[in-house]
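**Q** Sequence:
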Amino acid sequence: KHILEMCLLHLISEDEVYGYELLKRIHDTFPDTQASAVYALIRALHKEGCIDAIGQKTAGGPPRKYYHITKKGMEKLSELRSTWRTLVRELEGLGIYE
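Every letter in the sequence shown is one number past the one before it in this note's numbering, and letter 31, counting from 1, is 31.
Please note that the accuracy of each hint is not assured.
Stated by the list, open to error - The following label-pair restraints were derived from C-beta to C-beta distances:
{"hint": "1", "residue 1": "Glu-92", "residue 2": "Pro-62", "range": "16 to 26 Å"}
{"hint": "2", "residue 1": "Ala-37", "residue 2": "Thr-86", "range": "16 to 26 Å"}
{"hint": "3", "residue 1": "Thr-58", "residue 2": "Gln-34", "range": "32 to 42 Å"}
{"hint": "4", "residue 1": "Ala-44", "residue 2": "Glu-14", "range": "35 to 45 Å"}
{"hint": "5", "residue 1": "Met-74", "residue 2": "Ala-37", "range": "20 to 30 Å"}
Stated by the list, open to error - Using 25 Å as the maximum straight-line C-alpha spacing, the simulated DSS-like pairs for lysine-lysine come out as follows:
{"hint": "6", "residue 1": "Lys-57", "residue 2": "Lys-24"}
{"hint": "7", "residue 1": "Lys-47", "residue 2": "Lys-57"}
{"hint": "8", "residue 1": "Lys-1", "residue 2": "Lys-72"}
For the record, the hints were derived by calculation from the structure and aren't laboratory data. Positions of the beta carbon are idealized from the N, C-alpha and C atoms, including for glycine.
All chains, please: the whole structure from these sequences, using the hints.
**A** Here it is in structure tokens:
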């Protein structure tokens, strides 16, 4: 869960992006991840105030929600990255991760 949260926040921090595009980019790296799990995390991050959504009309289709990261989201991303770096160092110490 936290790895996917970190990935989602990272992608959103790079540029405003809509849900399906996030899903596609996550699937490119983690092909076994279910769409429902990704969308649930997006909703949870939005509810926590880590991301905001802006609806934009599209030609011939329903409006898309474009997500952007908030200050709280940047703080959470920083915490998740720190936790990730600690985990990698610990795995390196065990000789598991090189």
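**Q** For every hint, state whether the structure bears it out.
**A** Evaluated hints:
For Glu-92 and Pro-62, the Cβ-Cβ distance of about 46 Å falls outside the hinted range of 16 to 26 Å, so the restraint is violated. Checked against the hint of 16 to 26 Å, the pair Ala-37 and Thr-86 passes, with Cβ atoms roughly 24 Å apart. Hint check: Thr-58 to Gln-34, Cβ distance near 25 Å, so the stated range 32 to 42 Å is violated. A C-beta distance of roughly 20 Å is found between Ala-44 and Glu-14, which places it outside the suggested range of 35 to 45 Å.
As the Cβ distance of Met-74 to Ala-37 is approximately 23 Å, the hint placing it in 20 to 30 Å holds. About 20 Å separates the Cα atoms of Lys-57 and Lys-24, which keeps this hinted pair within 25 Å; it holds. The suggested pairing of Lys-47 with Lys-57 holds, with an alpha-carbon distance near 23 Å, which does not exceed 25 Å. For the proposed pair Lys-1 and Lys-72, the alpha carbon gap of about 18 Å is at most 25 Å, so the pair holds.
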